[in-house]
Each structure stands twice: as C-alpha cells, then as structure tokens.
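Chemist: 80 is the number that the UniProt record's numbering gives to position 80 of the sequence shown; each next residue is one higher, with no gaps.
Careful, some of the hints might be misleading.
Straight-line Cα separation of at most 25 angstroms, SDA-like style, residue types lysine to any residue; simulated pairs [unchecked claim]:
{"no.": "1", "residue 1": "K148", "residue 2": "P25"}
{"no.": "2", "residue 1": "K62", "residue 2": "E109"}
{"no.": "3", "residue 1": "K169", "residue 2": "G154"}
{"no.": "4", "residue 1": "K83", "residue 2": "E114"}
{"no.": "5", "residue 1": "K169", "residue 2": "H116"}
{"no.": "6", "residue 1": "K62", "residue 2": "V45"}
Derived by calculation from the structure, the hints in this document are not laboratory data.
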Amino acid sequence: MYNYIAFEPDMEAELVAFMTGNRWPFHGEEEPEEEDIRDRVKEGVYQGNGNRTYWITAGDEKIGLIRVFDLDDPICLFDIRIKESWRGRGAGREGVEWLTGRLFRDFPELIRIEGHTRSDNIAMRRTFAAGGYVKEMYTRQSWPQGGKLYDAVGYAVIRADWENGTVTKVEDKLPY
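The whole structure should be built from the sequences, with the hints applied where relevant.
Modeler: Take a look at the structure:
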C-alpha cells in the first residue's frame, strides 16, 4: 500500500515542510525549527555518517519519514514519524516491517535494530509489538520533554528472529 523513497539532500525543502507542518508530541522536539532541520541536513543527520532516511509515500504524497542511525555499528536505531492526517491508518506498522527487512537484507553485519518511545505512546508500542520487536527495557523518568520527565520503553528485533520468523521473549528470572 505504501512505497519508500530514499531521502536525498535536494529534498531539504520537502523535509522542512514535513517536519514543521506537523506536531510531534512523542518526540524530543514537538515543533522543530526550520533552521535546525536545515543544519541537520548539512551535518549528515539524515543521510551519510552512518545515517539513512526514507520517505513513506502514499501515491505522490509523502506521509511519513523513517530515519535510521548508527548503521556503521552492528546495532542501529531508528525514528519514525507519520504525518498527522495519516496517523492511525497502519503506515507506521507497515513502515517498521518494511524497514526491518530492508536493513537486515542490506546490512549483513547488522545483528539487531532498536527503537525507543515514551511509555505513554501506546500506538508506537503496539507498532513495535506488531512488527516482531520485543520490549527489552523500561526506564523510569528518562525522557525529558516539555519540562517533565516521562518513562521510556525500549524495543528490539534480532536478526535470528527476523530470519526465522520468530519472536524470542526476554527470559530473565532473576529479581535483580
């Protein structure tokens, strides 16, 4: 249903419009500034230096953005953003599933993919679970935003699970 296009630096204006034209209540910057976004493009935050970014499209419309970082490490992380008018329609879930396959196919040295979200971001927590990601971490008061401290939750998928179509739950019976 959705397609994916690699971000290129000449798409900077579209990126600025996308990032400043939506609110991001579960990201560190709820309303990013144009100048900061342009600076990040120049610094290689979206492309280069172990980073890759992909647009999620529906027809000709760019409805989402996935930014992957630390690709020069065997463990990478990602950030996904869906346009406000498209939230709740499955683009995030499908995007995470697409990204997982893409990264494990394109980066054979990659052993796991991680993502983090605020504990109150129920939609993203469901998206991780639906995509085969396992909740591995819960950190209290570790997400500062808007003058408050929120709890955070960390999820990951390991290559072996992706290759075998399985989900290996964390089994830690120790109370400490």
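Chemist: Now tell me, hint by hint, if it's right for this structure.
Modeler: Evaluation of the provided hints:
1. K148 - P25: Between K148 and P25 the Cα gap is close to 13 angstroms, so the pair holds against 25 angstroms.
2. K62 - E109: Distance ~30 angstroms between K62 and E109 Cα, so the pair is violated.
3. K169 - G154: At roughly 14 angstroms apart (the allowed maximum being 25 angstroms), G154 and K169 satisfy the hint.
4. K83 - E114: holds, 22 angstroms
5. K169 - H116: Cα-Cα ~17 angstroms, so holds.
6. K62 - V45: The hint holds at about 19 angstroms.
Checked against the numbered hints given earlier, the structure breaks only hint 2 and satisfies all the rest.
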